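Start from chain A and add chain B according to the hints.
Number of protein chains: 2
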Amino acid sequence: MKRPIILFGGASYEHEISIVSAISLYRTLSCQSLFVFLSPNHHFYLINLIDMRAEHFASGRYRKNTKLFLTRGGFEKRGLIFRTQIDGDLVINMVHGADGEDGTIAALLDFYAIPYVGPRIEASVLSFNKLFTKFLAQSSGVKTLPFEKIRRGGAIKTPYPFIVKPLRLGSSIGIGVVKSEADLEYALDAAFEFDSEAIVEPFIANVSEYNLAGALANGKWLFSVIEEPQKKEMLDFDQKYLDFARDGKAREADISGDLAEKIKEEFKKVYNEGFEGALIRCDFFAIGGEVYLNEINPVPGSLANYLFNDYESALNSLIEHLPQGRRIDVTYRYIHSIRSQKGKL
Amino acid sequence: MKRPIILFGGASYEHEISIVSAISLYRTLSCQSLFVFLSPNHHFYLINLIDMRAEHFASGRYRKNTKLFLTRGGFEKRGLIFRTQIDGDLVINMVHGADGEDGTIAALLDFYAIPYVGPRIEASVLSFNKLFTKFLAQSSGVKTLPFEKIRRGGAIKTPYPFIVKPLRLGSSIGIGVVKSEADLEYALDAAFEFDSEAIVEPFIANVSEYNLAGALANGKWLFSVIEEPQKKEMLDFDQKYLDFARDGKAREADISGDLAEKIKEEFKKVYNEGFEGALIRCDFFAIGGEVYLNEINPVPGSLANYLFNDYESALNSLIEHLPQGRRIDVTYRYIHSIRSQKGKL
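Going down the list, the sequences are from chains A and B. Residue numbering for the first sequence follows the numbering used here, beginning at 4 and increasing consecutively. Residue numbering for the second sequence follows the numbering used here, beginning at 4 and increasing consecutively.
Next comes chain A alone, as it looks inside the complex (with noise of 0.2 Å):
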């Protein structure tokens, strides 16, 4: 079987959310995995499975740990003289928001040929910027609510109730309801915070939300069992928090079969060959029995450990079959002509 290196931190507002997430995993995987923690100064370092506790983190003491370095196939340790690679087959990515999300991490791994799961870059900028995840859903013919995208300043056109989120961070940071104009400085403020630009769609009271994860292996797809999140009016960044922590298994939604059938040809719809790889989870709205993509996470909390009835059949499966990188042959065909026919350059 082959042996994970679960890479997680990050310089993001999520750097603590992919901690605790981390966490999680470890204390779910039977396997042996190793753990490298991306410090919020873009260091690498090599954890002991004893100090994969919160605290070892917060307190800064992960810095006396041994430093990593990437390197074709792999992250190396280097002494004084010699540089050894550490053990590991591959990584998985869960690092969240910034980094993990944005395609940084998708493209560092890329280029070192290091095989990952985790959403590549191109999914990975699609599913961080929530307008180009409305665009995405529309080219796939996958439904989604209405939007439209503001600066600050800029004049909303949507009727009260509505959600102000900024357009690129996940993990409800800086998303806010606004029920009549006085909420709505707060939430301005709240959403322009992370990012320049917002996205402002209809709030929908008790509109029936669904979770789905999965991911495609070797042409087979990998389903978690759909889940209606508990929630309270929408969970804030305190309890997704907590949330991201779980290791106790969800429970399965009490919905009709062919509503749990359409949640998955709309996940198959998303999760296009651009999310090869990747172990991602989607986040449905159900509304008069027609169903709405609301997010999608490309490196979802606990990477949707709780989701899974079986888990680690399903992570193995994936990691068997996780995309080769692309192999260009350079032959210097047109150099080589140029050459012969301008006997210069």
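By construction, these hints were calculated from the structure, which means they are not laboratory data. Any given hint might turn out to be false.
The list makes no distinction among identical chains, and a pair is therefore deemed to hold if it is satisfied within one copy or across any two copies.
Derived SDA-like pairs (lysine to any residue); straight-line CA-CA distance at most 20 Å [what the hints assert, rightly or not]:
| hint | residue 1 | residue 2 |
| --- | --- | --- |
| 1 | Lys272 | Glu200 |
| 2 | Lys5 | Leu52 |
| 3 | Lys272 | Gly157 |
| 4 | Lys152 | Gln141 |
| 5 | Lys146 | Leu134 |
| 6 | Lys272 | Ser199 |
| 7 | Lys160 | Ser143 |
| 8 | Lys272 | Arg155 |
| 9 | Lys5 | Ile89 |
| 10 | Lys70 | Thr87 |
| 11 | Lys70 | Arg81 |
| 12 | Lys152 | Gln327 |
| 13 | Lys271 | Ile153 |
| 14 | Lys70 | Tyr115 |
| 15 | Lys152 | Lys272 |
| 16 | Lys272 | Glu212 |
| 17 | Lys70 | Ile84 |
| 18 | Lys67 | Thr334 |
| 19 | Lys272 | Gly156 |
| 20 | Lys272 | Pro162 |
| 21 | Lys152 | Ala140 |
| 22 | Lys252 | Glu323 |
| 23 | Lys152 | Ser142 |
| 24 | Lys80 | Tyr115 |
| 25 | Lys265 | Tyr163 |
| 26 | Lys272 | Ile153 |
| 27 | Lys272 | Leu134 |
All of these numbers come straight from a predicted model, not from anything done at the bench.
Chain B alone, transformed into the frame defined by chain A:
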């Protein structure tokens, strides 16, 4: 004055174009630049100025040059004991196609906190994928030709004549004009050799095409002249390749002031803050007085030096006002507060 590191090469079908492009820039710039070559295997080499000839790369002799490694703030040489960072205050990304324009180089440079001229990750992904370019145009209020996305074996609704383009490549690779059914199979084979998806657009014979390069630096627009590129029916790869070696100046298109103004307005809409830090070239069509975006080149050939009357001062303005990397302060306040609530974690 700041000293740039010109980064070129890359694991891309446009590897050779990038070499020619960098040589052209080398011949143009008077400032003391450094040249770093990215080999098809993703190794970096410091290239002596005397070796900035196509032959040096085609022959593989670059492998005898000093290897470089990415490190925080730049590139370093590694001796037996010491590591020394090379000079250079910023990178100019001249890697065309994959790596340079798909977000990989952007992510690497962002991650290692190296300032650079070039598109950031999001702008790269948007301009690399012709479908997303349509989305970007649409959401910015810029016209494009109608299109359809196809897969191998899918029906095509666009009437003849049309153009088939692979979804994700630049430099005319895999692009073909289909005038009748006789041309179809060859064009599809050519396109699908490079991508699993392609885009089909109506082909308009003798359409007026205009290229404009530019950047936004410190709130000021730096525009090139507008050129009407000479063409046969369409530039193929060989022609474009030669075109990338251009170091003569472009001739300004003979168009009305109104049309020139319109082209600049459309450029400004496309070049939103996502392109900050990049010097891009937009290719437009003019049809019946209206301007249509054809494509965005976020790393244009020869970095478009031949289009500018005073290239060095434009480039220097941009270099002086590159975007700062984001800094996120991680305070661990959630972990601290949850620990104090729960007394554990």
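A quick look at each hint next to the structure:
1. Lys272 to Glu200: Classified as between: cross-chain Cα gap 15 Å, same-chain 27 Å, threshold 20 Å.
2. Lys5 to Leu52: within (18 Å within a copy, 46 Å between copies)
3. Lys272 to Gly157: between (33 Å within a copy, 17 Å between copies)
4. Lys152 to Gln141: For Lys152 and Gln141, the Cα distance is within 20 Å both inside one copy (16 Å) and across copies (13 Å).
5. Lys146 to Leu134: For Lys146 and Leu134, both the intra-copy (14 Å) and inter-copy (19 Å) Cα distances are at most 20 Å.
6. Lys272 to Ser199: between (30 Å within a copy, 16 Å between copies)
7. Lys160 to Ser143: For Lys160 and Ser143, only the inter-copy Cα distance (18 Å) is at most 20 Å; the intra-copy one is 26 Å.
8. Lys272 to Arg155: This pair counts as between: shortest inter-copy Cα distance 18 Å, intra-copy 33 Å.
9. Lys5 to Ile89: Within one copy only: 14 Å inside a chain, 39 Å across chains, cut-off 20 Å.
10. Lys70 to Thr87: both (12 Å within a copy, 19 Å between copies)
11. Lys70 to Arg81: both (8 Å within a copy, 17 Å between copies)
12. Lys152 to Gln327: Neither: 37 Å inside a chain and 25 Å across chains, both beyond 20 Å.
13. Lys271 to Ile153: Classified as between: cross-chain Cα gap 18 Å, same-chain 30 Å, threshold 20 Å.
14. Lys70 to Tyr115: both (18 Å within a copy, 15 Å between copies)
15. Lys152 to Lys272: between (24 Å within a copy, 15 Å between copies)
16. Lys272 to Glu212: within (18 Å within a copy, 36 Å between copies)
17. Lys70 to Ile84: both (15 Å within a copy, 17 Å between copies)
18. Lys67 to Thr334: For Lys67 and Thr334, the Cα distance is within 20 Å only across copies (19 Å; inside one copy 46 Å).
19. Lys272 to Gly156: between (36 Å within a copy, 19 Å between copies)
20. Lys272 to Pro162: neither (30 Å within a copy, 28 Å between copies)
21. Lys152 to Ala140: Close inside one copy (16 Å) and across copies (14 Å); limit 20 Å.
22. Lys252 to Glu323: So Lys252 and Glu323 fail the 20 Å test inside a copy (24 Å) and across (54 Å) alike.
23. Lys152 to Ser142: both (18 Å within a copy, 9 Å between copies)
24. Lys80 to Tyr115: both (16 Å within a copy, 18 Å between copies)
25. Lys265 to Tyr163: Close neither inside one copy (30 Å) nor across copies (38 Å); limit 20 Å.
26. Lys272 to Ile153: between (28 Å within a copy, 15 Å between copies)
27. Lys272 to Leu134: both (18 Å within a copy, 17 Å between copies)
When each numbered hint is compared with the structure, violations occur for hints 12, 20, 22, 25.
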